[in-house]
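Make the full structure from the sequences, and use the hints.
Line order of the protein sequences matches chains A and B. Going by the numbering used here, the first sequence opens with residue 19, and the numbers climb by one from there. Going by the numbering used here, the second sequence opens with residue 19, and the numbers climb by one from there.
Wrong hints could be hidden among the right ones.
Repeated chains share a single entry, so a pair holds when one copy, or any two copies, can fit it.
[As the list claims (entries may be wrong)] DSSO-like, lysine-lysine: derived pairs with alpha carbons at most 30 Å apart:
#1 K468 - K413
#2 K48 - K298
#3 K39 - K413
#4 K48 - K425
#5 K422 - K284
#6 K27 - K73
#7 K386 - K298
#8 K107 - K27
#9 K94 - K73
#10 K245 - K229
Honestly, the hints are just simulated from the structure, not real lab data.
Protein chains: 2
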Amino acid sequence: MASKPSIPKGTRDFSPIEVAKRQYIIQIIKSNFEKFGFQPIETPSFENSDTLMGKYGEEGDRLIFKILNSGDYLSKADAAYLENKDSAKLTSSISEKALRYDLTVPFARYVVQHQNEIEFPFKRYQIQPVWRADRPQKGRFREFFQCDADVVGSKSLWQEVELVQLYDTVFTDLGLIGATIKINNRKILSGIAEVIGASDKLIDFTVALDKLDKIGEDGVKKEMIEKGIAAEAIVKVQPLFNFIGTISEKIDKLSDLLSSSVEGLKGVEELRFICDNVMKLGLNSAILDLDVTLARGLNYYTGAIFEVAPPKSVAMGSIGGGGRYDDLTGIFGLKDMSGVGISFGLDRIYLVIEELNLFPETVTETTKALFINYGDDEAFYALQAIQRLRAAGIKVELYPDNAKVAKQFQHADKRRIPFAVIIGKQELESNTYSLKNLSTGEQISVDFEKLKVTLL
Amino acid sequence: MASKPSIPKGTRDFSPIEVAKRQYIIQIIKSNFEKFGFQPIETPSFENSDTLMGKYGEEGDRLIFKILNSGDYLSKADAAYLENKDSAKLTSSISEKALRYDLTVPFARYVVQHQNEIEFPFKRYQIQPVWRADRPQKGRFREFFQCDADVVGSKSLWQEVELVQLYDTVFTDLGLIGATIKINNRKILSGIAEVIGASDKLIDFTVALDKLDKIGEDGVKKEMIEKGIAAEAIVKVQPLFNFIGTISEKIDKLSDLLSSSVEGLKGVEELRFICDNVMKLGLNSAILDLDVTLARGLNYYTGAIFEVAPPKSVAMGSIGGGGRYDDLTGIFGLKDMSGVGISFGLDRIYLVIEELNLFPETVTETTKALFINYGDDEAFYALQAIQRLRAAGIKVELYPDNAKVAKQFQHADKRRIPFAVIIGKQELESNTYSLKNLSTGEQISVDFEKLKVTLL
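Here it is in structure tokens:
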């Protein structure tokens, strides 16, 4: 095969600089997860198909990557489906495994499978790749990392409080000042549905309301009526069309608005508890915002819903999201296990940090000094020093070949290595090193201790 | 689905403790890779099938996990193969992608694809999972991590010297004292083949010689003759049957033995350079050993061959291996790109460290203190302290529910959290904390500063 090789569409190679930048973000997320008491688990890249299929809707099932059975897989294939060339139906008889589609379903499977070893409430984090056979586009890949933190086994709202703080500390540590943590509650959405007199119209309602900025109050109302929402119902929730003010003011408005809905009021109280405590404890750099149009994962969440928008100076979709789901593990037969969690969108966070130029220069720092190779005697002398420098934790390298000196310096330059160490006859005899600062050009003669201190 | 869920055979869930221990090993490997100047890359989990197929032999092709095409994959399937139920031949028409089988072929593909962006010599490391549809057994999994460091673009033997040092520093840092780094050279094996007069008998020869310990000199010779190796040939390499002594003595013996083979003598000189320099520079805790029976990847390596055995007190196969391959990227059309690299066997290293009880206790340390939850006022007061402690980098948690105190202490106990912080009316009023050491039972009243210092 002599044609230039490539990789599957929607996948990526990561160069050393990209890996370093990704690791920088992951490390900050990870260390905050751990400070907040979350513990890491890892699950296999592929699961049994029946663990995944049917958990993400029809669209999800289609987007799951299936792994072909090994060996003579057609011997067990369904003859009728094979004859009719029915791909969809044949799949389950020639494929038993599938690549992880998200981290939530494998986590639910993990909790149920290991329930006897787990001490609840269980705070777990998981940072692993997932795969989706989606149409690739800008910022959407077929292989990407998810970074999830969830608590399972407690209904305490203090966890929602802490999860908001967790978002805040991660984004603060990343230098992403001014991220907006939007919060809503599924019960409030249910309450609105009650008030407008139609649960099945709720999605239409929130979708329309979300366009307020763009099409104005009249436009929104027009759309709602087109979708079959009664005019009287719209009157009842009129305050939502001018839903501004502080969070407390918004909560008070909701309380009035939903006074006839028991569930709605429960949602108001939950929101009040979470927002009050978050605000009294204070955030470092993020902004908390109550957004009643926030409806992500409507069928999934049962309490709080979170979504994080990047600082306003960057045009980018949400960089995180999450919420409370009261029956995480029910799909695997373990009832009454409430969970709440948040997720960080690594790829988008990367793009935001890149755009705002927030990666510290040190992130891509690698080798501190390149020892120029002048021949075997000098190389041996160099390696004696290199060995001791590495033992002190300093990243140093010997250019492997006795190549032209200009080429070796060029190598240091292209690799952005800040120092070169030059060893000639004179240095060998005097047991010294010539240390050259490659940005200033300054060169000094040093003994080993001085060399070490300078490179440390 | 109410049956207890499971995972595919040969795959594993990793619990928090297991993840922590694996991360401990990976972190030591990674930091040494970086100290030695290696830079990380990452490649996609799946590659185009034609990148992988045909690179690992027939057996390898069979063990590669193939991914079923998305959508109506049968519409493009070869009708004849479908009719004949020819699984092997049908595969390429219903599957275009396959899971990574190792890190070497993807690395070769990466180098060729990105050759214009790469500054050579290129020292890359890669720590990622690979997948093989092998029959699972003790210590052999269908998903496992490889940890590879390779240099591509230089033939300098100083790299072999440094790779031996890299093994030594990693195993020293892991506390694995007395690992044996076995070295051989493909050219020496070729030389032996020349001397015994049959290149095709070389594998039979080394396999037989490797049994010297078990079946003795006569047994080995008998097997060699059975395999068709001439008696006169065996006489010529008689010294190999008593191949003891220091490395220098062994090298001298090889030099005599292979005096008629140009390639063999080249191998001797390479070995001498590497071993001399490694020994003069000195190893921290590993033992270098010249093993002429070492023949791993015979068809692949062209120069040095490495394999690492764990300390003798542990019965376990090799925990690392590698070597020099003169044409890494030729399969993708880029000629004359010499490479040399080593790999660490994460799973086996884990088992060895576990068996020798070498994991530091700190590895599985997580949360330092659990704040007992006595109700919302106390919880709020606790979170004020928790927030400040986390900002100082200390891992602390609030028990989320106002549950029975005994249950909360039990939670701390099961999680092996060393301290509990108790906040009652008195502490609230006096702005203090009761800090209880859960192993000694000792309880003291402290202010915030003392709390922080104690938990730091």
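Okay, the hints, checked on the actual structure:
1. K468 - K413: The answer is within: 16 Å in one copy meets 30 Å, while 38 Å across copies does not.
2. K48 - K298: Result: close within a single copy only, 26 Å intra versus 42 Å inter.
3. K39 - K413: This pair counts as both: shortest intra-copy Cα distance 18 Å, inter-copy 25 Å.
4. K48 - K425: Between copies, since 28 Å is at most 30 Å while 40 Å is not.
5. K422 - K284: Cα proximity of K422 and K284: across copies only (25 Å, versus 76 Å in one copy).
6. K27 - K73: Both: 25 Å inside a copy, 22 Å across copies.
7. K386 - K298: Between copies only: 25 Å across chains, 46 Å inside a chain, cut-off 30 Å.
8. K107 - K27: This pair counts as both: shortest intra-copy Cα distance 26 Å, inter-copy 24 Å.
9. K94 - K73: both (25 Å within a copy, 28 Å between copies)
10. K245 - K229: Within one copy only: 14 Å inside, 82 Å across.
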